[in-house]
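Trainee: Those sequence lines, one after another, are chains R and U.
Quick note, in this note's numbering, the first sequence goes up one by one and the last residue is 482.
Quick note, in this note's numbering, the second sequence goes up one by one and the last residue is 1391.
Just so you know, not all the hints are guaranteed correct.
What the hints assert, rightly or not - Residues of chain U placed beyond 10 Å of chain R at every Cβ, according to the derived structure:
id: 1; residue: Gln478
id: 2; residue: Lys657
id: 3; residue: Glu723
id: 4; residue: Ala731
id: 5; residue: Glu781
id: 6; residue: Val811
id: 7; residue: His920
id: 8; residue: Thr927
id: 9; residue: Glu1088
id: 10; residue: Asp1102
id: 11; residue: Arg1184
id: 12; residue: Asp1192
id: 13; residue: Gln1193
id: 14; residue: Ala1226
To be verified - Okay, the calculated bits of chain R under chain U, using three or more residues with CB under 8 Å as the criterion:
id: 15; stretch: 83-89
id: 16; stretch: 92-106
id: 17; stretch: 174-184
id: 18; stretch: 265-273
id: 19; stretch: 333-347
id: 20; stretch: 438-449
Hints were generated in silico from the structure; no laboratory data involved.
This structure is a prediction, so every number in the text was calculated from the model and none was measured.
Positions of the beta carbon are idealized from the N, C-alpha and C atoms, including for glycine.
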Amino acid sequence: MADAALEKNPMSGRFDSEQIPVDKHGMIPVIADGHDLESVTEKVTAIVLTEPQKTPKGWIAGFFVAFCLLNVLMVALGYLVFKGVGIWGINIPVGWGFDIVNFVWWIGIGHAGTLISAILLLFKQQWRTSINRFAEAMTLFAVASAGIFPLFHTGRPWYAYFMFPQVNSLGMWMPQFRSPLLWDVFAVSTYGSVSLIFWYVGLIPDLAALRDRTKNQLLRVIYGMLSMGWRGSARHWNRYESIYMILAGLSTPLVLSVHTIVSFDFAVGIIPGWHSTVFPPYFVAGAIYSGFAMVLTLMIPMRWFYGLKDLITMRHIDNMAKILLVTGSMVFYAYLTEIFYAWYSASEFEWYMMKNRMTGPYWYMYAMLIMCNGITPQFLWFKKIRQNVPLLFCISIVVNIGMWLERYVIIVVSLHRDFLPSSWGMYTGTIWDWSLFIGTIGQFLALIFLFLRVLPSISIAEVRLLLPQGQVKEAHHHEA
Amino acid sequence: MNDQNQKLTYATLRTKLDGHKGRTFWKSIDEVVDSDDFLAAVEQEYPSQSALLGDPINRRKFMKIMGASFALAGLTACGVAAPEDKIVPYVKAPENMVPGKTLQFATGLTLGGVSKGVLVTSYMGRPIKIEGNPDHPASLGATDAFTQAALLGLYDPDRSQAVRYFGEIRPWDVFSTNFRTALAEQKKKQGAGIRILTENVTSPTIGWQFQQIQKDFPQAKWHQYEPANRDHFYEGMKVAFGSYTDAVYQFDKADVVLALEADFLTTGAGAVRYTRDFMSKRKIREGKKEMNRLYVAESMPSSTGAVSDHRLPLKSSDIETVARAVAAQLGVNVGSAPVLEATLSKWVEAAVKDLKAHKGACLVVAGDHQPPVVHALVQAINQNLENVGKTVTYIEPVETSPVNQLESLKQLVTDINSGAVELLLIVGGNPVYNAPVDFKFEEAMKKVKMCIHLSLYHDETSHLAHWHIPQTHELENWSDARAYEGTVNIIQPLIAPLYKETKSLHEILAMFTEAFNQSPYSLVRDYWRTQKTTGDFESFWRKALHDGVVPETARPAKTVALQMDKVTAEAAKPAAASGGKKELHLQACHGVYDGRFANNGWLQELPKPLTKLTWDNAALMSWETAQGFGVANEDLVELTFKGRKMRVPVWIVPGHAKDSVTVHLGYGRTKAGHVAEGAGFNAYALRSSTEMWGGADLSVSKVGERYELACTQEHFDMNGGRMDEQHDREIIRVGTLEEYKKKPDFAQEDVDKPGHDPLTLFGNDHPYTGRAWGLAIDTSLCTGCNACVVACVAENNSPVVGKDQVRRGREMQWIRIDQYFSGDIAAPQIHHQPVMCQHCEAAPCEVVCPVAATTHSTEGINEMTYNRCIGTKYCSNNCPYKVRRFNFLAYQDFDTPVIQLGRNPNVTVRSRGVMEKCTFCVQRVNAARIEAEKENRPIADGEIKTACQQVCPAEAIVFGDLNDKTSRVAKLKAEPTGYGLLGELNTRPRVNYLATIRNPNSELGGGGGGHHGGGHE
């Protein structure tokens, strides 16, 4: 859909460097010229405050598709609880399949948001401001999708609360703390809650802007309650900025820790292909890689649809493509070290695992993985490709697929042939595996659509700070 | 029904009521009770109470009294019979009956009529587990898979529960009236129209009953037919000795054994005992350095072939040539000695030389299906080798009335077709399904005026019989039977018949006599009273029941004279030419046998030895043969044999003789029950009376469809000429006796050596100051017979999951027999390794469970806490042995009441979403601990036997306390051949394997050893 649409758009297509405005440092500006405080606010809030009957048809169509997929999720989960995890393709030896593949995939995607908002904030990367709100929202929705899997992959999800500390009759209030799965519970729930608070705190000034601009009485009440009495006074700003920096500081280690801990699910195991100390950095790099890919996948159509190219400029796109290149190369490097260590370990199990990945029954998965994650990002060395929006969109999709394949290769292909050849087996996802996966995509997209419709998808307050007007120290911060 | 004009009898009244249930039932009672017929009927049945009917008040009382039995009459087909009598709690409990405690009773279970003594564990009157009877010669405490699975046979909800007439349910009384009327007619002609067809019978009581029948019906005839019969063996014996003679082998005295397609370790009535005897000579322990040597020539790899030192893949029809050659080389006159091709000749010469060197301490045996001439030759060979009286003893056949069963059935069919048969009673068996196709039994049966079939299931034969009578299970009735060497045991019921209409063979036979309503108990007892004329019968009887063995009933050795001239004459006849032609080989299945266990889920789901297939049979062939046909695994093919056809999928078995296709009998049942539905293909369609076990002239054509088979252990590496199923991993370790002598610890790596200090970050282990349970498994002894698998399922309430789930890799058996091939794909070595939870001291599963559902006990057992398990499956993923089993769906049957009767009350029935695995039979450990603590003593070594250990005929599995240095398991752990599976992972498994040691003949090259053996020097 997006590809075809992009063709018609004058902003898309091939860019010559002359056509792209540059600032005095030779950089593409993070905001196109011609914006002032009012125009930024107007542009962003207009999307949200469009009257219901004027909702763009494209939004309605997109949301309808996402909502249908969300219903697939409901059916898939309903049948799962009714029947049991046996409706999936998992078996002995492959005890984890799509469930954990999807979990890790979604959690990885959920990494971009916090990285963009927290780490880049601390590094004072101005270009983050136009995309951080959206990326954070995407993070939350990805974590929400990811969270479904650890809960429902259990044989008895109604007892999944056993994983939390609780007073019970089993005589153990604390779960078994040596298990990485338990670390996951804490890591993911911490990450989810901190991300939510960070996102919400960042939203407060913008919610106030919405409150002030809406003509609808009900919306004014709702946005008014959500903005927690924000008046934009200097004291408010002072407190706001301190808490925002503190939360950024808190979130930063979480970006690294969550996927490190997710990687422990495998690294702590003894299965060849899992038991590897390279996993934590490799997983974090992979997570950032997939997160940025997903941001690109979503943002490219969004900026086109809502005409936000002057706020999300080629500078943003180019920077994200560069991050893709860096993290993609790190991931590729990790693939190569895995091969090296399998050979260097002199362990027949490790070496067989690697041979089996490349030439066993799932060789095509590994081949596709290398194509998607190893080779494809290397094209981003070329500026022309980085600035070719439709091509970049395709590359981001390919990277998303590649990162899903990576988890499939790590989880399924390692498990299907481990130590004793007598217990080797095969795994294929069933229709229920697929429907649950597609269902979570539906949930994710539905949430994204709702987010675009009811909340400002670009941080108005922060973007305004980037404007020349925002730079003037004496300038009086006033809210429209 | 022909009762239209009859007076209403009590029986016909019940018939009238039958089929009415609920409210209409009472209405119909009112309709009938007022009739004159009813009054007459009541007067006939209850003369003393008919007077009550005159008085209106008393009449009501009468109705009250009779209400219950009438009500039951309307409910004849409603499952487990409720007791008709008053139910009161035990005022005075039966002796030894303590709620929560189990009791064991000695009885016997038969297969093919021949008995194995068993001890059945009963819990509050319900049999829940079958063990071998240590006092019984055929068992010595062990059992086989069939015997273990008999328990499920008892509780099978598909068992027939009602008498049926043309498929319609009828009360027993209607049948008995009809039957007695028919008998009365027959009596006039001395029973000339009566034929009784049974399966193989060894029961002395049945023999006695037949004698009594002969008195009243001298013209009546008794036929026996068993599809997996021993006709060829007996005919061969007749050639050799002039009379039907049975042979009993003493494998514990044989140093060299040559088996000519004889799977003596897992097939036949003596297999359990023979395994014990044979394996007693293969235990290389405590410095012992001698073992027996086994040569096997066979087409389809068998368990016996798998443990052999030299296995020669050979078409079934070529076995005869080998027998001739062996005989000729020993100097037996066989006419002209056959000319063998070079490799075969070398093999035979080496074997013969070996046999010659062990005269009097060797043995040659042949498979029952081999033609009579082979059996005759084998007797001459054994005589020549001076084995008679040493390793082989001749006895009278254990059958009550040994006959050529094929001839017997043929005679019956001929008689039927000539119109001579008016009353045919088929007792057990299922000839419509399993008689040779050329007999056209189905058509013949339709010509009989009255055909009655007594059987456990309303099966193919029952559907065509006029009357079907449900049979009692062996665990429900009284009987007796002989073991493979003649010892009788009394079969006593463990439970009253679950379905009240069921009848035993004894009861049906008793109906021929005037004392037609005798109970089987009194019949069996009465017979033994005639046998035990001296001494106190009561104490004899009680002792026989208690011990499970009737003393001094083993057949004495029979003195026979070899008729050498007849053997020579037989051997000189030219063998059927088979050269170059493809050959069909039929075999009874190690799961469903001849089809009788088709509805037994435990046996259907059992991975069959050497194929690891479940739920189906297949056209089994070698890799080379399959290449020749251009077929691969799961290709559906059409087998055409002498104009008969069947469709069956292909399965490649490494080591199968080339140009030969083996198909197992017993599948493709059409009316066996829910479990058997759709399982496999009926190979009886290819079986005729002249080719009972197959023969030359098979053609195989590809259908072009695929049929999915459920195999529990896929073999991935089949495309090279050689196989290494282990992928150079030291999983199963094999060496030769020579290697062992040179280097006893050839199988050990550094981690396996005593005192090895593994690298660990964590230092202090749990000290295990008390007991430390462990298991030792000697892979030299394992035949892969599967008895342990079924025993484990029975002991631990494991569910049956069905073919679809097995295909998905979700079978639930806690112990599995891993099977590896190595060497040349055409004649590979076959290795068996039972694998269950290894109870690692550093268990990878335990650290990863987030909810501590799997933990270590203070005695070193890795335990599952089911109610804490949430089913993350992480433990299974992290288990390097993949021994954990997960309830992916609700596999257990929580609804069928009769299934619940058979469960072990000491083992949790696991629900959906829960992980499970071997517990080292912790319930048995705890039971022993309680007993020991009550008596304030330590648990003795050998007091606890795990279910797998108890059942193992080879004694390959030993459980015990590793901390007790005098225990058997500790001693085995100290053996230099011991190693831990995947010990290099530092899991420190509590299961210790003893390497397989084979004893190849140096003249034939390394043969039995492996390239895995001695690889560490």
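Trainee: Quick check: do three or more residues in the stretch 174-184 of chain R have a beta carbon closer than 8 Å to a beta carbon of chain U?
Mentor: Coverage by chain U holds here, the residue count being 8 at a Cβ distance below 8 Å.
Trainee: Between the stretch 92-106 of chain R and chain U, are there enough contacts, at least three residues with CB-CB distance under 8 Å, for the coverage claim to hold?
Mentor: holds (count 7)
Trainee: Taking 10 Å as the cut and beta carbons as the points, is U:Asp1102 off the interface with chain R?
Mentor: Not fine: 6 Å to the nearest Cβ puts U:Asp1102 too close to chain R.
Trainee: Under a C-beta cut-off of less than 8 Å, do 3 or more residues of the stretch 83-89 of chain R approach chain U closely enough to confirm the stated coverage?
Mentor: That given contact holds, which follows from 5 residues of the stretch 83-89 of chain R lying within Cβ reach (below 8 Å) of chain U.
Trainee: Since U:Val811 was said not to touch the interface, does its Cβ keep a gap of more than 10 Å from each Cβ of chain R?
Mentor: 39 Å, holds
Trainee: Report holds if the minimum CB distance from U:Gln1193 to chain R is greater than 10 Å, and violated otherwise.
Mentor: 7 Å, violated
Trainee: U:Glu1088: least C-beta distance to chain R exceeds 10 Å?
Mentor: Violated: least Cβ distance 6 Å, not greater than 10 Å.
Trainee: Are 3 or more residues of the stretch 438-449 of chain R near chain U, judged by a Cβ distance of less than 8 Å?
Mentor: Not satisfied, violated; 0 residues make the cut.
Trainee: Non-interface claim for U:Lys657: all C-beta distances to chain R beyond 10 Å?
Mentor: 25 Å, holds
Trainee: Is U:Asp1192 truly not at the interface, in the sense that its beta carbon sits beyond 10 Å from all beta carbons of chain R?
Mentor: Per Cβ check, U:Asp1192 is inside 10 Å of chain R; nearest 4 Å; violated.
Trainee: Taking C-beta pairs only, is U:His920 more than 10 Å away from all of chain R?
Mentor: 43 Å, holds
Trainee: Over 10 Å from every CB of chain R: does U:Glu723 meet that, or does the non-interface label fail?
Mentor: 37 Å, holds
The structure shown violates the earlier hints numbered 9, 10, 11, 12, 13, 14, 19, 20.
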